[in-house]
Structure formats: C-alpha cells, structure tokens
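Q: If you're matching positions, the sequence shown starts at 1 in full-length UniProt numbering and goes up one per residue.
A hint or two may mislead.
Across the chosen pairs, the derived CB separations fall in these ranges [what the hints assert, rightly or not]:
id	residue 1	residue 2	range
1	28	89	17 to 25 Å
2	283	89	24 to 32 Å
3	148	33	24 to 32 Å
4	71	114	51 to 59 Å
5	31	194	33 to 41 Å
6	92	53	22 to 30 Å
7	70	249	50 to 58 Å
8	50	248	51 to 59 Å
9	287	267	32 to 40 Å
10	247	277	48 to 56 Å
It should be emphasised that the hints constitute simulated quantities derived from the structure, not laboratory data. By construction, the Cβ of each residue, glycine as well, lies at the ideal position given by its N, Cα and C atoms.
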Amino acid sequence: MEIFFYRGASPNFGDELNTWLWPRLLGEVFDGAGDLFVGIGSNIVRGFAATRRKIIFGAGYGGYTALPELDHTWSFYFVRGKLTARALGLDEAFGIGDAGIYVRSCQIPRQRIEGRVAFIPHWESVWPGRWDEVCRLAGLHFIDPTNPVESVLSEIASSDYVITEAMHGAIIADALRVPWIAARPKRAHRMKWHDWASALGMEIDWARLPRSSLLEIAQQHAPAGSGLARTLACRRRVTTLLRDHTPHWLLQRTAEHLRAVSTSVEPRLSRDAAIESVHSRMLDQLHRFVRKEGVGRVLV
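Please work from the sequences and hints to get the whole structure.
A: Below you can see the structure in the form of structure tokens.
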C-alpha cells in the first residue's frame, strides 16, 4: 500500500504529517506499492490512475481540480467534512473529520512555555514573506511550517495559543487543545477550512493580516496571466530583490497589526465534546480498516 499525499516545492508539515502519522497508527503497512492510501490533505482530485484502488481515509476535496469521477476503484472510509461529502455525492455521515485529528492518539513532545503566542504562515507564504522578521518585531514566536513534522508539532503543543494561516496549524492546535486564531489565507485555500470546521460544528471567523513584504504585495496585485505575474513566477532575481528590500516601516506596520490581532481577537477551540466524538469515530474507522483490509494493526 502506498501513502498518497501532496509534496510541493517546499515540504509542508500538514502534508508531510502523513509519513509521520500513519506508521505510528497502523505499523508497517506502507511499502509504496499496490493500493493508494489517501489520508491527510486536499487529495481527492481528478487525475489518479484509473485502475489503482483509492482508499480515502480522512482526505478532503479542496476545489484545486475538477471533481473526480468515482467508480468501483474508490473506497471511502471517511472524509474531512460535510462539504467534501456533499461535493462527492456521499452521505454527510462520511464527513467525520480531518485525519490530522489522530495526533490526539500520539505522544507529542511539549514543554508549555508561559506566554508563548505563535504565528504559523501557510507554507506558500514562507519564502515570499518576511514573517520571521515580522514575528520578531511583534514579540511572537515564528513557527516555520516547512520544518520537520515533529518539530512543528512540539512548537504548537508548547504554545499558549497560535495565530495560523496554515489550516493544519489550526487542526493540530485544536486537536491538542491549544487555542487558535484563523488568519485569512488566499481565497483558493479557504473552502477546506470550512470543510474541516463543519465536522466539528464550527464556523470560521477570519482575522485579516496585511502583507509582510514587497514581494507579497506584488503577488497580490498581479492578475493571473499578466506580464507581472509571469515575471514573478520565473525571475528569481526580481522576486529576491522585492523580498529582501522590504522597507522597515512595512515590516513594523505588519508587526503592529499582528500584535493587535494577538491581543484583541479571542482564540478559540472546538467544543470538548465535539473533538472527543470525532476522535472516537475516527478510531472506530481505524479498527474497521484493519478488519476489512486485513493489513496492519492498530497501535494506539
């Protein structure tokens, strides 16, 4: 069986969590061949090999491709939320929750640091932005989502609360009962937040943050297909100059806004009863998977 997940130009802990989590839950099941195991991420997409079996285990549909054409090669245990279930024509009962919630079953190193407020950008914001410097100016702890999975998990678990543009920053924080504030991501990434929240009976309230660099501002105002967009996509020297020559006043302004969000917006959590119910149902699916597929064993 092969774990299927997204891997972009930079690693992203929300996607890389697949390689860390599943062996801890199921043991040595994944040999990189045979059926595809589709877990954490917006990995329900069009374009899978038609003949390979797709085992859907907590994944979601993010709208990044057209809807896949479902047939007998698709086996659904559960999906990320009600929006995914509706999009695929499944009963909403399949929308149990994001598989990242399984971290509740794992030992996460944590050393709670009193007063630590952390910020987690989306992985696509790490290089174009200057969020590390903004966090330093704002007095917040910067969590780089491209760092190794266990490092990111430990940093989240050790925080008083997090402000996060990365959806799995919120999912992991919520699962570990670390309060969180949702920083509004790019439009393309918002639907999946609502999908995850639907399984926990929540609505997402966004905190809006300004851009942290000249490059982010240029990207924001470059229409798709325009000359500027093409330049930003292929001219590394130009993008590096825009990023590295961001004036201090812009960094300071963004830091002040981030600090204001950290003190004026109430961090939140899903209800204890909701996360416990979702986690319990997900554990039931783990045992069902082992019985039905005849592989692995539940280690938690």
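Q: For every hint, state whether the structure bears it out.
A: Hints, one by one, checked against the model:
no.: 1; hint: 28 x 89: 17 to 25 Å; verdict: 35 Å, violated
no.: 2; hint: 283 x 89: 24 to 32 Å; verdict: 26 Å, holds
no.: 3; hint: 148 x 33: 24 to 32 Å; verdict: 26 Å, holds
no.: 4; hint: 71 x 114: 51 to 59 Å; verdict: 54 Å, holds
no.: 5; hint: 31 x 194: 33 to 41 Å; verdict: 36 Å, holds
no.: 6; hint: 92 x 53: 22 to 30 Å; verdict: 24 Å, holds
no.: 7; hint: 70 x 249: 50 to 58 Å; verdict: 52 Å, holds
no.: 8; hint: 50 x 248: 51 to 59 Å; verdict: 54 Å, holds
no.: 9; hint: 287 x 267: 32 to 40 Å; verdict: 34 Å, holds
no.: 10; hint: 247 x 277: 48 to 56 Å; verdict: 49 Å, holds
Hint 1 from the earlier list is the only one contradicted by this structure; the remaining hints agree with it.
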